[in-house]
Each structure stands twice: as C-alpha cells, then as structure tokens.
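In the order they appear, the protein sequences are chains A and B.
Take the first sequence: its position 159, counted from the start at 1, is 159 in the working numbering, and no numbers get skipped.
Take the second sequence: its position 86, counted from the start at 1, is 86 in the working numbering, and no numbers get skipped.
Just to be clear, a hint being listed does not mean it is correct.
DSS-like mimics (lysine-lysine), calculated; alpha carbons at most 30 Å apart, straight line [to be verified]:
(1) A/78 <-> B/114
(2) B/60 <-> A/106
(3) B/134 <-> A/153
Computed, partial: chain A to chain B, Cβ under 10 Å [as the list claims (entries may be wrong)]:
(4) 23
(5) 33
(6) 41
(7) 44
(8) 51
(9) 72
(10) 76
(11) 82
(12) 106
(13) 114
(14) 135
(15) 150
Don't read these hints as lab results, they were simulated from the structure.
Every residue, glycine too, gets a C-beta built ideally from N, C-alpha and C.
2 protein chains.
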Amino acid sequence: MEFNIREAQVTDMPEVLKLINDLAVFEKEPDAVEVTVKDLEQDGFGDNPAFKCFVAVTNKTVQGIAIIYNRYSTWKGKIIHLEDLIVNEAYRHQGIGTALLNEVVKYASSIKAKRINWEVIDWNEPAISFYESKGATVMRDWDVVQLNEQGIKNYLSNI
Amino acid sequence: MEFNIREAQVTDMPEVLKLINDLAVFEKEPDAVEVTVKDLEQDGFGDNPAFKCFVAVTNKTVQGIAIIYNRYSTWKGKIIHLEDLIVNEAYRHQGIGTALLNEVVKYASSIKAKRINWEVIDWNEPAISFYESKGATVMRDWDVVQLNEQGIKNYLSNI
Chain A
1 MEFNIREAQV TDMPEVLKLI NDLAVFEKEP DAVEVTVKDL EQDGFGDNPA
51 FKCFVAVTNK TVQGIAIIYN RYSTWKGKII HLEDLIVNEA YRHQGIGTAL
101 LNEVVKYASS IKAKRINWEV IDWNEPAISF YESKGATVMR DWDVVQLNEQ
151 GIKNYLSNI
Chain B
1 MEFNIREAQV TDMPEVLKLI NDLAVFEKEP DAVEVTVKDL EQDGFGDNPA
51 FKCFVAVTNK TVQGIAIIYN RYSTWKGKII HLEDLIVNEA YRHQGIGTAL
101 LNEVVKYASS IKAKRINWEV IDWNEPAISF YESKGATVMR DWDVVQLNEQ
151 GIKNYLSNI
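Chain A extracted, bound-state conformation (with noise of 0.2 Å):
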C-alpha cells in the first residue's frame, strides 16, 4: 500500500476529528471529545498554532494522524509532545505509525528538541511495545494528573 506523509492543512481537519474520536472510542472515553472540527481549524493554523498535524494519506483519504506541540521541560529546556499519534485500525501494520513517528522524531531534532514526551495508557501493550522498539522509556512510576474544567470550577469556588 502507498501512503504519503504531510503536514495538515485546514481542509484535513473533519478526518482528522474523525480519527480522535476513533481513538477515544477505543479508549474507553467515546464521549470525552468536546472539540469541533471549527475549534481545529482555529487552533491548530494561524499565526500563532497551538499545534502541528502530521497526516498519512492513502487514495486521497486521511488514514494516520500525529499531533505534536511544543513544551518546556525545567531540565532539559526545550521538548515536543506528542500528544496524539492514531492510525485508522484498518490500516494498521503497514508502516504508517512508523512513517509518522519519523516525521515528528525529525521534526523534533530539527528543531533541537531536547526530548519528545507522551502519555501511554498502561493496558495498552501494543502501543507500549511499539514505542519500546522505537526507544523510547515508558516511566511506569510517572503518573498524569488533571483538574478538569469542573474541577477549575470547584477549586475557585473554594478560595
């Protein structure tokens, strides 16, 4: 199968939603995901993009997606997250998943990224083995904590 790696443009964002959905779904969240085809479009393009999409595309079609932005580590200084890397399950296996991590490991060094974080759900072995053979450290002591929107709500409410 052929498929070509490159950057998002506004008109890719329905598939691209599509696939974040796809991706909640499997995570166990289906109703999790509250941004709007508009609120990528707004995002992710403009002079200021919160982030930067990386898709494979196979007969015209978005089947991958790698999502990516740039974070401050307080040790390291500069780093990318990748905070979604998702291939259409119909797809999977045929190198896409690696096409698009070698677009972000690339774009991450070109600009001289210290480090590229994520975040792994720890029942997710295919993931963590996949990312495990590119050579990258799952740190199962590393836990991710969130105050959710409510939870902003809640804490101002108390102060």
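Got chain A sorted already, so can you dock chain B onto it with the hints?
Here is chain B on its own, set in the frame of chain A:
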C-alpha cells in the same frame, strides 16, 4: 510568615534554578538538570516565552515557584501544563504551595483553559495527597513516555 506571590522577573531566574535543582535531588536525579540560568532567562521572557513562572517571595528571597505553559488536548482544547510546583523544604506547610496553585488555577481560568495537567512520581505520597485534596485526579493508569536526546539521535540513525 508573610509571603508575596507575583510573576517572576528575569532577575529571579538564579533563585528559580536553585529550586529546580533541589527538586531534582529530591527526585533522585541530581545530575538531570541541564538547563542554565541563561536558558531560563532567554526561554521564559521576550516575545514568545516558552513558560510562565510565578514566584513566592519572603524576605526578598524566592522560596517557591510554579512554572506553567500552554498545551493542547485534542479532546478538550487549550489546556495548561503545570511543569513544576516547588516550595523550599524549610518553608513548607505554611500555605505557599496552595497560594502558588491558587495563582495557577486563577490564570488557567482567566485564559479559559479546559484543564490543568501535570505529572507526579508515584512514590511522592505527600504531593499526591496535596493534589487530591485540591480536587485533582491522579491517573495511575496513564504513564509518561519519553524519547530522550540520545534516543532521538539513535532513532534518526536507524531510519
């Protein structure tokens, strides 16, 4: 004890780096900090700062810091990442950590951030208790993944 919370200035960075180093020692990675005062001065200020820093000041010295920056959730939209929340050990249990976190949550709310994210090492029970007491969720099934600087080099030499 009286203290004052304010946004950091460039001239605070030597004291800020000292607290960053103290935390690395506590987290058993005393040699992990590669960032210099000059890096913090260049990266945190100017036209496109990579982070924002709040400091807690008492007797004209910085005894606590909170460092944040923007991230993007493809489920929720714009979110804030809390990279570091550090209080000098000798100044703990006097409300400085809470006062710094208050400032972060107020800031997140002011820019309509949908969530505040951070990371915690799973044996740091005092930190976990503190975060949970503030309404945050420690997601023990979500792990941090990293491809470090050497990992990026190795990766690129293999494609």
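Tell me the numbers of any earlier hints that the structure contravenes, in ascending order.
Checked against the structure, the hints that fail are numbers 2, 6, while the rest are satisfied.
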